[in-house]
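Enquirer: Place chain Y on chain R using the hints.
Same order as they appear, the protein sequences are chains R and Y.
Just so we're aligned: the first sequence equals residues 6 to 132 in my numbering.
Just so we're aligned: the second sequence equals residues 226 to 373 in my numbering.
Calculated from the structure, these hints are not laboratory results.
Incorrect hints may appear among the rest.
Derived lysine-lysine pairs resembling DSSO-like cross-links, with alpha carbons at most 27 Å apart [unchecked claim]:
| hint | chain 1 | residue 1 | chain 2 | residue 2 |
| --- | --- | --- | --- | --- |
| 1 | Y | K295 | Y | K283 |
| 2 | R | K31 | Y | K295 |
| 3 | R | K12 | R | K103 |
| 4 | R | K12 | R | K45 |
| 5 | Y | K343 | Y | K283 |
| 6 | R | K31 | R | K52 |
| 7 | Y | K300 | Y | K343 |
| 8 | R | K52 | R | K12 |
| 9 | R | K24 | R | K45 |
| 10 | R | K31 | R | K45 |
| 11 | R | K24 | R | K52 |
| 12 | Y | K300 | R | K24 |
| 13 | Y | K343 | R | K31 |
| 14 | R | K24 | Y | K292 |
| 15 | R | K12 | R | K31 |
| 16 | Y | K228 | R | K24 |
| 17 | R | K103 | R | K52 |
| 18 | R | K24 | Y | K283 |
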Amino acid sequence: MGFENLKVLICDDSLLARKNLRDGLKVLGCTNITEVYDGKAAVDQYKGSSFDVVFLDIVMPVMDGITAAREICAADPNAYIVMVSSVGTQVHLREAIKAGARDFLQKPATPEQIRTALEHVTGGEDE
Amino acid sequence: MTKQSLYVAELVFNLNRFVDERIRSRPTTILDRIPDQCFIGQTITGDYQAITGIYAEKDVLTTFAVKYSKIELEKYDSIVPELAADFMNLHNGLFLVNLSDSEHIESSLLPPMMDPDKNISAPDHDPQTVYQMPVEFDFGVVNFILAE
Numbered sequence: 006m007g008f009e010n011l012k013v014l015i016c017d018d019s020l021l022a023r024k025n026l027r028d029g030l031k032v033l034g035c036t037n038i039t040e041v042y043d044g045k046a047a048v049d050q051y052k053g054s055s056f057d058v059v060f061l062d063i064v065m066p067v068m069d070g071i072t073a074a075r076e077i078c079a080a081d082p083n084a085y086i087v088m089v090s091s092v093g094t095q096v097h098l099r100e101a102i103k104a105g106a107r108d109f110l111q112k113p114a115t116p117e118q119i120r121t122a123l124e125h126v127t128g129g130e131d132e
Numbered sequence: 226m227t228k229q230s231l232y233v234a235e236l237v238f239n240l241n242r243f244v245d246e247r248i249r250s251r252p253t254t255i256l257d258r259i260p261d262q263c264f265i266g267q268t269i270t271g272d273y274q275a276i277t278g279i280y281a282e283k284d285v286l287t288t289f290a291v292k293y294s295k296i297e298l299e300k301y302d303s304i305v306p307e308l309a310a311d312f313m314n315l316h317n318g319l320f321l322v323n324l325s326d327s328e329h330i331e332s333s334l335l336p337p338m339m340d341p342d343k344n345i346s347a348p349d350h351d352p353q354t355v356y357q358m359p360v361e362f363d364f365g366v367v368n369f370i371l372a373e
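This is chain R alone, in the form it adopts within the complex (with noise of 0.2 Å):
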């Protein structure tokens, strides 16, 4: 699968952080993008049309990234969840992990750290 196909949610209620992402994504090809701005936004969207992957930001109004992901994992375990937070400790990391997150980028998430992620969905091809 190829990154054109894949189909994203992006949930972060910054709106910067939110163009930032999508313009990265757009850059690696991806042109399916949904924008949600707090968590359980991301849970309702998830559960109504599932997604290849959600990049979810941890604080975050109404409901927190770690509580949306293990409610998003908790309905398809499945799930490929990346948390992208500015707050990147061990003791979040664990807790994101915790919560069925498979990867963590530390904000600002460069594109390189952002086709990274892209390849551990796809498992390594992007073509």
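Expert: Leaving out everything else, chain Y in the frame of chain R:
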């Protein structure tokens, strides 16, 4: 090093990295309370607790937001506080990573606050010391608040 010193050091580093390399840090002052005009901020919770904030004149804050986000803005509007809060979230997060790595102190963040009708506060945290850290840019002075 005190937490406040660590915070300032991280702040200068992040301002240089994400906003502008030409900055001058003015002396930190201690205030009686968080200034009324400071309505953009974020609470740090956990082993280390504090309220952080940012404020400046509207035109200065607009230029700050433009330089940080690389988004062109003609004038101050509701997106400016959001972008300033985004910088605070990024900076605070990196500060907490540093605090965890260097001091083994584990804290977290609450979502940013940016209600123009009330200044920043945390319901369960009554700050003892309010530090104001002014930073001078070519376009004006931006004040950062750390209330411990």
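Enquirer: Against each hint, give a clear statement of whether it holds in the structure.
Expert: Hint check results:
Between K295 of chain Y and K283 of chain Y the alpha-carbon distance is near 17 Å, which keeps this suggested pair within the 27 Å criterion. Among the hinted pairs, K31 of chain R with K295 of chain Y is consistent with the structure: their alpha-carbon atoms are about 18 Å apart, no more than 27 Å. A C-alpha spacing of about 24 Å is found between K12 of chain R and K103 of chain R, which places the hinted pair at or below 27 Å, so the restraint holds. As the CA atoms of K12 of chain R and K45 of chain R are separated by approximately 19 Å, the hinted pair is consistent with the 27 Å bound.
At most 27 Å may separate the alpha-carbon atoms for a hinted pair to count; K343 of chain Y and K283 of chain Y meet this at roughly 16 Å. At roughly 24 Å between alpha-carbon atoms, K31 of chain R and K52 of chain R fall within 27 Å of each other, so this suggested pair holds. With a CA separation close to 22 Å, the supplied pair K300 of chain Y and K343 of chain Y stays within the 27 Å bound. For a cut-off of 27 Å, the pair hint linking K52 of chain R to K12 of chain R stands: about 14 Å separates their Cα positions.
Between K24 of chain R and K45 of chain R the alpha-carbon distance is near 20 Å, which keeps this suggested pair within the 27 Å criterion. As the CA atoms of K31 of chain R and K45 of chain R are separated by approximately 25 Å, the hinted pair is consistent with the 27 Å bound. The suggested pairing of K24 of chain R with K52 of chain R holds, with an alpha-carbon distance near 24 Å, which does not exceed 27 Å. The hinted pair formed by K300 of chain Y and K24 of chain R meets the criterion: a straight-line CA distance of about 20 Å does not exceed 27 Å.
A C-alpha spacing of about 38 Å is found between K343 of chain Y and K31 of chain R, which places the hinted pair above 27 Å, so the restraint is violated. Using a Cα cut-off of 27 Å, the hinted pair K24 of chain R and K292 of chain Y holds, with the two alpha carbons roughly 16 Å apart. Between the alpha carbons of K12 of chain R and K31 of chain R the distance comes to roughly 12 Å, so the proposed pair stays at or under 27 Å and holds. Restraint check: the Cα-Cα separation between K228 of chain Y and K24 of chain R comes to about 32 Å, which exceeds 27 Å; the hinted pair is violated.
At roughly 20 Å between alpha-carbon atoms, K103 of chain R and K52 of chain R fall within 27 Å of each other, so this suggested pair holds. Taking the CA atoms of K24 of chain R and K283 of chain Y, the gap is about 23 Å. The hint holds against a cut of 27 Å.
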